[in-house]
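So the protein lines, in turn, are chains A and B.
According to the working numbering, the first sequence is numbered sequentially starting from 1.
According to the working numbering, the second sequence is numbered sequentially starting from 242.
Treat the hints as calculated values from the structure; they're not laboratory data.
The structure presented is a predicted model; accordingly, all values stated were derived computationally and were not measured.
Just so it is clear, CB atoms sit at the ideal spot from N, CA and C, and this is done for glycine as well.
The reader is advised that the hints may include incorrect statements.
Unchecked claim - Label-pair ranges, simulated between beta-carbon atoms:
{"id": "1", "chain 1": "B", "residue 1": "K450", "chain 2": "A", "residue 2": "E30", "range": "51 to 57 Å"}
{"id": "2", "chain 1": "A", "residue 1": "P9", "chain 2": "B", "residue 2": "G411", "range": "35 to 41 Å"}
{"id": "3", "chain 1": "B", "residue 1": "G435", "chain 2": "A", "residue 2": "G210", "range": "51 to 57 Å"}
{"id": "4", "chain 1": "A", "residue 1": "G210", "chain 2": "B", "residue 2": "M449", "range": "44 to 50 Å"}
{"id": "5", "chain 1": "A", "residue 1": "H173", "chain 2": "B", "residue 2": "P250", "range": "49 to 55 Å"}
{"id": "6", "chain 1": "B", "residue 1": "M449", "chain 2": "A", "residue 2": "Y237", "range": "57 to 63 Å"}
{"id": "7", "chain 1": "A", "residue 1": "P9", "chain 2": "B", "residue 2": "K248", "range": "16 to 22 Å"}
Unchecked claim - Which bits of chain B does chain A cover? Going by a derived footprint, with three or more residues having C-beta under 8 Å, they are:
{"id": "8", "stretch": "279-286"}
{"id": "9", "stretch": "303-310"}
{"id": "10", "stretch": "386-392"}
{"id": "11", "stretch": "404-416"}
2 protein chains.
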Amino acid sequence: MTSAATKSPAVVLLSGGLDSATTLAAAVAEGYRCHALTFDYGQRHRFELAAAARVAKALGAADHRVVRLDLTAAAGFGGSALTDAIEVPKAEYAQVQPAAAGIPVTYVPARNTIFLSIALGYAEKLAAFDIFLGVNAVDYSGYPDCRPAFIEAFERLANLATAAAVTGKGQFHIRAPLIHLTKGQIIQKGLALGVDYGLTHSCYDPDMKGRPCGRCDSCRIRRAGFEAAGAVDPLPYPGGT
Amino acid sequence: MTSAATKSPAVVLLSGGLDSATTLAAAVAEGYRCHALTFDYGQRHRFELAAAARVAKALGAADHRVVRLDLTAAAGFGGSALTDAIEVPKAEYAQVQPAAAGIPVTYVPARNTIFLSIALGYAEKLAAFDIFLGVNAVDYSGYPDCRPAFIEAFERLANLATAAAVTGKGQFHIRAPLIHLTKGQIIQKGLALGVDYGLTHSCYDPDMKGRPCGRCDSCRIRRAGFEAAGAVDPLPYPGGT
Numbered sequence: 001m002t003s004a005a006t007k008s009p010a011v012v013l014l015s016g017g018l019d020s021a022t023t024l025a026a027a028v029a030e031g032y033r034c035h036a037l038t039f040d041y042g043q044r045h046r047f048e049l050a051a052a053a054r055v056a057k058a059l060g061a062a063d064h065r066v067v068r069l070d071l072t073a074a075a076g077f078g079g080s081a082l083t084d085a086i087e088v089p090k091a092e093y094a095q096v097q098p099a100a101a102g103i104p105v106t107y108v109p110a111r112n113t114i115f116l117s118i119a120l121g122y123a124e125k126l127a128a129f130d131i132f133l134g135v136n137a138v139d140y141s142g143y144p145d146c147r148p149a150f151i152e153a154f155e156r157l158a159n160l161a162t163a164a165a166v167t168g169k170g171q172f173h174i175r176a177p178l179i180h181l182t183k184g185q186i187i188q189k190g191l192a193l194g195v196d197y198g199l200t201h202s203c204y205d206p207d208m209k210g211r212p213c214g215r216c217d218s219c220r221i222r223r224a225g226f227e228a229a230g231a232v233d234p235l236p237y238p239g240g241t
Numbered sequence: 242m243t244s245a246a247t248k249s250p251a252v253v254l255l256s257g258g259l260d261s262a263t264t265l266a267a268a269v270a271e272g273y274r275c276h277a278l279t280f281d282y283g284q285r286h287r288f289e290l291a292a293a294a295r296v297a298k299a300l301g302a303a304d305h306r307v308v309r310l311d312l313t314a315a316a317g318f319g320g321s322a323l324t325d326a327i328e329v330p331k332a333e334y335a336q337v338q339p340a341a342a343g344i345p346v347t348y349v350p351a352r353n354t355i356f357l358s359i360a361l362g363y364a365e366k367l368a369a370f371d372i373f374l375g376v377n378a379v380d381y382s383g384y385p386d387c388r389p390a391f392i393e394a395f396e397r398l399a400n401l402a403t404a405a406a407v408t409g410k411g412q413f414h415i416r417a418p419l420i421h422l423t424k425g426q427i428i429q430k431g432l433a434l435g436v437d438y439g440l441t442h443s444c445y446d447p448d449m450k451g452r453p454c455g456r457c458d459s460c461r462i463r464r465a466g467f468e469a470a471g472a473v474d475p476l477p478y479p480g481g482t
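Please build the complete structure, drawing on both the sequences and the hints.
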């Protein structure tokens, strides 16, 4: 077994949701010393911050930092149902929204670009050349910053932008191990790696106690994923799973 | 004259220094409605925040926002003389540091990537497709994120990352009007545009009253620039200019 000191460091973006928990588990399983990074950006589903702390601890992250950055309308940003007074769309019987249907109102402008940029600064400080994130281009909500072309463009940028890359200390790799998996495959992978999905939080619009609504995009994609994986979601949904 | 309402919006990164003030003046002169964006990231030269506010007002920015984001060592970032307890290098008689000499200790990991990413989110919210920044690849401190290749890579990323670009609402342009100018040419341009450089702040290590040290990289490059421009720097330096 490799000791913590000799493991290669990696930065892992951890929202507290299903995908990022699975990504952290994958990075840990690959043998990285994982520095989990979470953003407190004014999201209305703030329960995911507590979920991120639980997940980081349960999966053995070396540490867990929360960066505060206000991306709400009050700070001049926003215009997203995730941060502002815009209703989170729900549809009891609707299909999971296809990627081609346009950009959902839960899109936060440039969110993954901002998160990856800050992760890059943190990674350069740590001399960590692998940055993991849980984006997924199959069963997702149609966000432009979840696509392989975006990840490749960011990796290229990272290796032009940083002293570490330019002076030959190392090349950054943006690692998106879930990008070509379906939600069902992600859940199967996470279960095989021992992820306790009862610790995660996916809902965009939970109740006062943090319980998922079961009807927003994120809940519907998650529930369909568990069904496809032939597994039971440990989270309590209204009216049962 | 175009009214404020019909002008195209632009986001302008404004540090409060000489280059960004000149860039804002150039963007205003091009007819943009300029939304100035400043970062309070824990820099030790915090006098530049007040300078940014003065410059934004004097040059007629439509508004001026300050984004707080802690990039210091205390927050897990840093490792730069600009944010942490690392001495700012000074050399009374040294030459301005050439770009090939390596990366100076004043480098802040991924700073321009982070600033541009947040500017991109802000610009998308405003439907502003031009983002101006005052980077310069001639008389600069050797930062990798000031080079044309970096700017081009970021522009490419921006047009993959955002809903606005992907849905055909517009293409983002990262505008760096000073990138090929010498410091002397920048100052001449700014003086022609009516910039009052007495409002700006460049020093990395000012005294308690915000007066420049005259000896850090930033002061030395600035002073050499005024000399090359055949102009007088209105700032008070120790022992006079």
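Now the hints, each set against the structure:
no., hint, verdict
1, B:K450 to A:E30: 51 to 57 Å, "holds, 53 Å"
2, A:P9 to B:G411: 35 to 41 Å, "holds, 39 Å"
3, B:G435 to A:G210: 51 to 57 Å, "holds, 55 Å"
4, A:G210 to B:M449: 44 to 50 Å, "holds, 48 Å"
5, A:H173 to B:P250: 49 to 55 Å, "violated, 36 Å"
6, B:M449 to A:Y237: 57 to 63 Å, "holds, 59 Å"
7, A:P9 to B:K248: 16 to 22 Å, "violated, 47 Å"
8, 279-286, "violated (count 0)"
9, 303-310, "holds (count 4)"
10, 386-392, "holds (count 4)"
11, 404-416, "holds (count 5)"
Checked against the numbered hints given earlier, this structure breaks hints 5, 7, 8; the rest are met.
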